[in-house]
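Undergrad: Residue numbers (the working numbering), protein chains in the order written: chain A, 45 to 640; chain B, 45 to 640.
Source of the hints: derived by calculation from the structure; they are not laboratory data. From a predicted model like this one, the values you see are computed outputs, not experimental measurements. Check the hints yourself; a few may be wrong.
Treat identical chains as interchangeable: a pair holds within one or across any two.
Said to hold, decoys possible - Heads up, simulated DSS-like pairs for lysine-lysine below, C-alpha to C-alpha not over 27 Å straight-line:
| no. | residue 1 | residue 2 |
| --- | --- | --- |
| 1 | Lys268 | Lys374 |
| 2 | Lys589 | Lys49 |
| 3 | Lys56 | Lys589 |
| 4 | Lys551 | Lys374 |
| 5 | Lys374 | Lys362 |
2 protein chains.
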Amino acid sequence: MPTYKAPLDDMKFVLNDVIDYSRLTSLPGYADFDVDTAMSVLEGAAQFCEEVLHPINQNGDAEGCHIDHGAVTTPSGFKSAYQKYVESGWPALSADEAFGGQGFPQTLRFAVEEMICASNLSFGMFPGLSHGAYHALLMHGADDLKATWLPKLVTGEWSGTMCLTEAQCGTDLGLLTTKAEPRSDGSHAITGNKIFISAGDHDLTDNIVHLVLARLPDAPSGIKGISLFIVPKFLLHADGTPGAANGVRCVSIEHKMGIKASPTCVLAFEHSVGWLVGETNKGMRGMFTMMNAARLAVGMQGLGLSEVAYQNAVSYAKDRLQGRSLTGVKNPSGPADPLIVHPDVRRSLMTIRAFNEGARALSLWVGTHIDMHEKHPDPAVRKDADDFVALMTPIVKAYFTDMGFECTNMALQIYGGHGYIREYGMEQFVRDARIAQIYEGANGIQALDLVGRKLPAEGGRLLRFFFHPLSERLQRTVQDPQLKEFAEPLAKSFARLQQATQFIVMKAMSNPDEAGAASTDYLRMFGLVALGDMWLRMAEVSLAKLPTATGDRSFHDAKIKTARFFMTKMLPEVHGLFARIMAGAGPVMALEAEGF
Amino acid sequence: MPTYKAPLDDMKFVLNDVIDYSRLTSLPGYADFDVDTAMSVLEGAAQFCEEVLHPINQNGDAEGCHIDHGAVTTPSGFKSAYQKYVESGWPALSADEAFGGQGFPQTLRFAVEEMICASNLSFGMFPGLSHGAYHALLMHGADDLKATWLPKLVTGEWSGTMCLTEAQCGTDLGLLTTKAEPRSDGSHAITGNKIFISAGDHDLTDNIVHLVLARLPDAPSGIKGISLFIVPKFLLHADGTPGAANGVRCVSIEHKMGIKASPTCVLAFEHSVGWLVGETNKGMRGMFTMMNAARLAVGMQGLGLSEVAYQNAVSYAKDRLQGRSLTGVKNPSGPADPLIVHPDVRRSLMTIRAFNEGARALSLWVGTHIDMHEKHPDPAVRKDADDFVALMTPIVKAYFTDMGFECTNMALQIYGGHGYIREYGMEQFVRDARIAQIYEGANGIQALDLVGRKLPAEGGRLLRFFFHPLSERLQRTVQDPQLKEFAEPLAKSFARLQQATQFIVMKAMSNPDEAGAASTDYLRMFGLVALGDMWLRMAEVSLAKLPTATGDRSFHDAKIKTARFFMTKMLPEVHGLFARIMAGAGPVMALEAEGF
Numbered sequence: 045m046p047t048y049k050a051p052l053d054d055m056k057f058v059l060n061d062v063i064d065y066s067r068l069t070s071l072p073g074y075a076d077f078d079v080d081t082a083m084s085v086l087e088g089a090a091q092f093c094e095e096v097l098h099p100i101n102q103n104g105d106a107e108g109c110h111i112d113h114g115a116v117t118t119p120s121g122f123k124s125a126y127q128k129y130v131e132s133g134w135p136a137l138s139a140d141e142a143f144g145g146q147g148f149p150q151t152l153r154f155a156v157e158e159m160i161c162a163s164n165l166s167f168g169m170f171p172g173l174s175h176g177a178y179h180a181l182l183m184h185g186a187d188d189l190k191a192t193w194l195p196k197l198v199t200g201e202w203s204g205t206m207c208l209t210e211a212q213c214g215t216d217l218g219l220l221t222t223k224a225e226p227r228s229d230g231s232h233a234i235t236g237n238k239i240f241i242s243a244g245d246h247d248l249t250d251n252i253v254h255l256v257l258a259r260l261p262d263a264p265s266g267i268k269g270i271s272l273f274i275v276p277k278f279l280l281h282a283d284g285t286p287g288a289a290n291g292v293r294c295v296s297i298e299h300k301m302g303i304k305a306s307p308t309c310v311l312a313f314e315h316s317v318g319w320l321v322g323e324t325n326k327g328m329r330g331m332f333t334m335m336n337a338a339r340l341a342v343g344m345q346g347l348g349l350s351e352v353a354y355q356n357a358v359s360y361a362k363d364r365l366q367g368r369s370l371t372g373v374k375n376p377s378g379p380a381d382p383l384i385v386h387p388d389v390r391r392s393l394m395t396i397r398a399f400n401e402g403a404r405a406l407s408l409w410v411g412t413h414i415d416m417h418e419k420h421p422d423p424a425v426r427k428d429a430d431d432f433v434a435l436m437t438p439i440v441k442a443y444f445t446d447m448g449f450e451c452t453n454m455a456l457q458i459y460g461g462h463g464y465i466r467e468y469g470m471e472q473f474v475r476d477a478r479i480a481q482i483y484e485g486a487n488g489i490q491a492l493d494l495v496g497r498k499l500p501a502e503g504g505r506l507l508r509f510f511f512h513p514l515s516e517r518l519q520r521t522v523q524d525p526q527l528k529e530f531a532e533p534l535a536k537s538f539a540r541l542q543q544a545t546q547f548i549v550m551k552a553m554s555n556p557d558e559a560g561a562a563s564t565d566y567l568r569m570f571g572l573v574a575l576g577d578m579w580l581r582m583a584e585v586s587l588a589k590l591p592t593a594t595g596d597r598s599f600h601d602a603k604i605k606t607a608r609f610f611m612t613k614m615l616p617e618v619h620g621l622f623a624r625i626m627a628g629a630g631p632v633m634a635l636e637a638e639g640f
Numbered sequence: 045m046p047t048y049k050a051p052l053d054d055m056k057f058v059l060n061d062v063i064d065y066s067r068l069t070s071l072p073g074y075a076d077f078d079v080d081t082a083m084s085v086l087e088g089a090a091q092f093c094e095e096v097l098h099p100i101n102q103n104g105d106a107e108g109c110h111i112d113h114g115a116v117t118t119p120s121g122f123k124s125a126y127q128k129y130v131e132s133g134w135p136a137l138s139a140d141e142a143f144g145g146q147g148f149p150q151t152l153r154f155a156v157e158e159m160i161c162a163s164n165l166s167f168g169m170f171p172g173l174s175h176g177a178y179h180a181l182l183m184h185g186a187d188d189l190k191a192t193w194l195p196k197l198v199t200g201e202w203s204g205t206m207c208l209t210e211a212q213c214g215t216d217l218g219l220l221t222t223k224a225e226p227r228s229d230g231s232h233a234i235t236g237n238k239i240f241i242s243a244g245d246h247d248l249t250d251n252i253v254h255l256v257l258a259r260l261p262d263a264p265s266g267i268k269g270i271s272l273f274i275v276p277k278f279l280l281h282a283d284g285t286p287g288a289a290n291g292v293r294c295v296s297i298e299h300k301m302g303i304k305a306s307p308t309c310v311l312a313f314e315h316s317v318g319w320l321v322g323e324t325n326k327g328m329r330g331m332f333t334m335m336n337a338a339r340l341a342v343g344m345q346g347l348g349l350s351e352v353a354y355q356n357a358v359s360y361a362k363d364r365l366q367g368r369s370l371t372g373v374k375n376p377s378g379p380a381d382p383l384i385v386h387p388d389v390r391r392s393l394m395t396i397r398a399f400n401e402g403a404r405a406l407s408l409w410v411g412t413h414i415d416m417h418e419k420h421p422d423p424a425v426r427k428d429a430d431d432f433v434a435l436m437t438p439i440v441k442a443y444f445t446d447m448g449f450e451c452t453n454m455a456l457q458i459y460g461g462h463g464y465i466r467e468y469g470m471e472q473f474v475r476d477a478r479i480a481q482i483y484e485g486a487n488g489i490q491a492l493d494l495v496g497r498k499l500p501a502e503g504g505r506l507l508r509f510f511f512h513p514l515s516e517r518l519q520r521t522v523q524d525p526q527l528k529e530f531a532e533p534l535a536k537s538f539a540r541l542q543q544a545t546q547f548i549v550m551k552a553m554s555n556p557d558e559a560g561a562a563s564t565d566y567l568r569m570f571g572l573v574a575l576g577d578m579w580l581r582m583a584e585v586s587l588a589k590l591p592t593a594t595g596d597r598s599f600h601d602a603k604i605k606t607a608r609f610f611m612t613k614m615l616p617e618v619h620g621l622f623a624r625i626m627a628g629a630g631p632v633m634a635l636e637a638e639g640f
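Here chain A stands alone, though its shape is the one from the complex (with noise of 0.2 Å):
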């Protein structure tokens, strides 16, 4: 049976040394959520997913989901799990103070994210989703409709959905045909059906806030027809508790892969009555706001369930004894020495650690970002913030869930036979990690909206945001005899990523083809080098530290020592991704459809 334990020391680290979060605290609002009263944070978060959450993982995964005439029942022991998550107030985290939340900055939600998705991807679903409607009906929601559902979303007594997909159209939202006919009253009669929605029905609470794309009556075909609708499980009583039901019926779950715990409805909406929220047919906006926010989850979750295969990799190979090492006897009083000696285990473990760590460092550094983008006094800063998350958002939801589900699949290959049997939980991991390449734009769209969109947006201003800090961290460190053995590769691999981004812009002009055949080569190179920055900031901060470090020597002897394992060992990955992409786009697209 797996275990988890929060990395709460490298969170303190990167928000203390690696991303300057005591900035944070001069935003208003943030006075009081300094580095220490977050790390109190991040350890009551830690206590509750090692000890709540992650116990129930497996046997979520073992039993599933049930329906019963339109009934979704969870695991046992899901529903008392979120009542204590809902107790302890942590769906109020970084919620605003005006719906009863607690207001901690996002940043610190990202870490929190990353603990839940660890300790249980499953259950963090369910809260996932609420806060991607809370955040669409705060950002977009008239002042009525926030009154009414905004505080039990942020309390967690409710739940939300996003009801996008249907049968005809996951990707190509334009295509969906939900209709939504005016009410006298000026609410809309919702009809249609829905898949694939998470958490679209349950047991964990009384009531469910669906967010639904639908279509008026005389709205234009295709994406600027679609409008954003609330439509609740159950309408309310005069008092606000939830009273008759909304003819919102669950017709089925999905048997899936994983995420098993989590239950994938098709939804049946008949003359459900939903408020619309935001403008008629501007749907879309109220949509990507909430797709945003969920695309950086769905990143977390990338990086969660790589954490947690990576900490039971680590215990297997350092337990389980088996071979000698090829230098000689190393556990001479054993039979055989731990798998941790073999160069090639240790390479799977140090690929696993590079990216974990360079990835949480990442997150938190486009978390504050988010922060600065909600709150900075400046609007020319708020906004500088913002298009630095959104060049980043498809960078860390795309390269993050595809190597979690790498990463996974390397803890995996530690356990040989063992990590195929599911007692050992380490296959769950990497089903878990499957879906998360897929749901909220799958990979291959982040990868278009990433050259497609946030390339060419602005005149390549976006990029600036990235490569102008990079160019000068990497001007000034090149030179420096301490860290120029990791500047120097960083600096080769981001002049390739300078002229892929030329090469594709240029080619792009005359063939947009030849972008989308660039698009997943391109964002990976991208998710390198960014990873590859983070790990230059963490060397020169633990090569400061070395020196004068006392309890955490080893601390930073790891971080220098798994910084040169990314820049000798994974960011070298950049050559081929460039010799592939400057290749262009013919051989792709050479061959006719009848031909496949």
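Got chain A sorted already, so can you dock chain B onto it with the hints?
TA: For chain B alone, coordinates are given in the frame of chain A:
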């Protein structure tokens, strides 16, 4: 529900035009097995796989195997499919005629194995293991053992297993403790527990022939004290029919990530009667005979699953309408364009296709060397052929299965959310493919076998059988105006492979961890170059045939385009791998075990 159509046209092309199959017909005993005969065999196998095995693949996964009072039952349909398999004579295809086999070339068995694995991997485990047992007995068993056990293994009336692993030892068989005590009649009493025994118990045959590694009372410790025994589930009556139970008990079956219709058993042997196969304390020889055949067969599992996943992803990509082409509407009469217009979807499909066709050619090329090893009158040719097979075995096993997993995942991804749902069948291919990277020697072990045993063997003699012909082909083709676009990138990658080889051999002399740290990257690089060799050959054939091609014009056109894709879009991975290898073992081994 997925479908499968065996790639007979491509197999015919490989046999006829790429691997010079016809030269096998000059080998003793193979005169009757020309290409036409071969193709009629493959057509029969195709029909069986498509019509009998594939339709029960999905329910096999859903039902799984069950155990009741030590007796294992297979999912519905498996028993009757197995009976048809036996009645049709497939188990005997390439078995020795002296024991009732049909004596077909081994090369054809490779092609048949691809089809069986593609259509139903779990089913394929039963005859696969039987073949391993058959082969070990054939090579190492005494005449009376062969006469008693081989004929029914050849007909498939009885099945076989390989009982190696114990709870404390998987890779490191030296740690095994199962005992073999001499009995007065020359047989032995076998006592011990084995785990992970595929097809260890089931309801398909009325006897099971276990090949069991065990230790004699006076045996030296470690792998030099292991002997191989044949231990049937039921002892035989005087007339050769199964009689009394032989103390072999199935204790439990594993709950696995995939191949759920293949029972993975814990077997307890309690004073079970066994007979020594081969010499005492030389059991590892027999084990390697089984393992080497099994490793190549496992490689075919990767290819087979990649092929069936490809076929289904192609039809989904052609049928599913979602989004519009970046270069303008391609399906104006429909609400959207089919997925296959999107460059990123095409990139995935081309990658899978290029792997499948390259791997198919390579596997059959290796197959012809097995036939030459077994049948060629000249011992020098036999030895050369065997050495080539020994070199390629870890590459076929590990590279094919790593790619099998990657390709099934790429195919799943094309389905979007539907790929994650059971009924579409794609996630089963992924789960089934995952085990092939682990069993019969985890892929890290294959990589160590390549760098630690195969590279240094006989002063690098084995490498010559791959390096020399490729050098010659490149020298010839790199000058050719039509071929140089294929030969040049391959020559560059081949040079990298040669450099990496020298680097590893040199470095490993002073520090064996250098070989271990480079091993996985090196094997991958070797696999890429080996597939490149196949693609160069195929491009040469198709370029020569295209000008006069009529009915198969589009076939050769597609070959050339796929060759181009491989050389420009897949082979460049070599560059990143090369840089990683050249960074040496230092960064991999720097962090102390306690630092993890």
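Undergrad: If a hint holds in the structure, say so; if it does not, say that too.
TA: Consistency of the hints with the structure:
1. With identical chains, the CA atoms of lysine 268 and lysine 374 are at most 27 Å apart between copies only, with a shortest distance of 21 Å across copies and 66 Å within one.
2. For a Cα distance limit of 27 Å, the shortest separation of lysine 589 from lysine 49 inside one copy, 25 Å, qualifies, whereas the shortest one across copies, 62 Å, does not.
3. In the homo-oligomer, the alpha carbons of lysine 56 and lysine 589 lie at most 27 Å apart inside one protomer (15 Å), although the nearest pairing across protomers, at 65 Å, exceeds that limit.
4. In this homomeric assembly, lysine 551 and lysine 374 come within 27 Å of each other (Cα to Cα) only across copies, at 21 Å, whereas the closest approach inside a single copy is 55 Å.
5. In this assembly of identical chains, the alpha carbons of lysine 374 and lysine 362 lie at most 27 Å apart only when taken from the same copy (12 Å versus 56 Å across copies).
Checked against the numbered hints above, the structure violates none of them.
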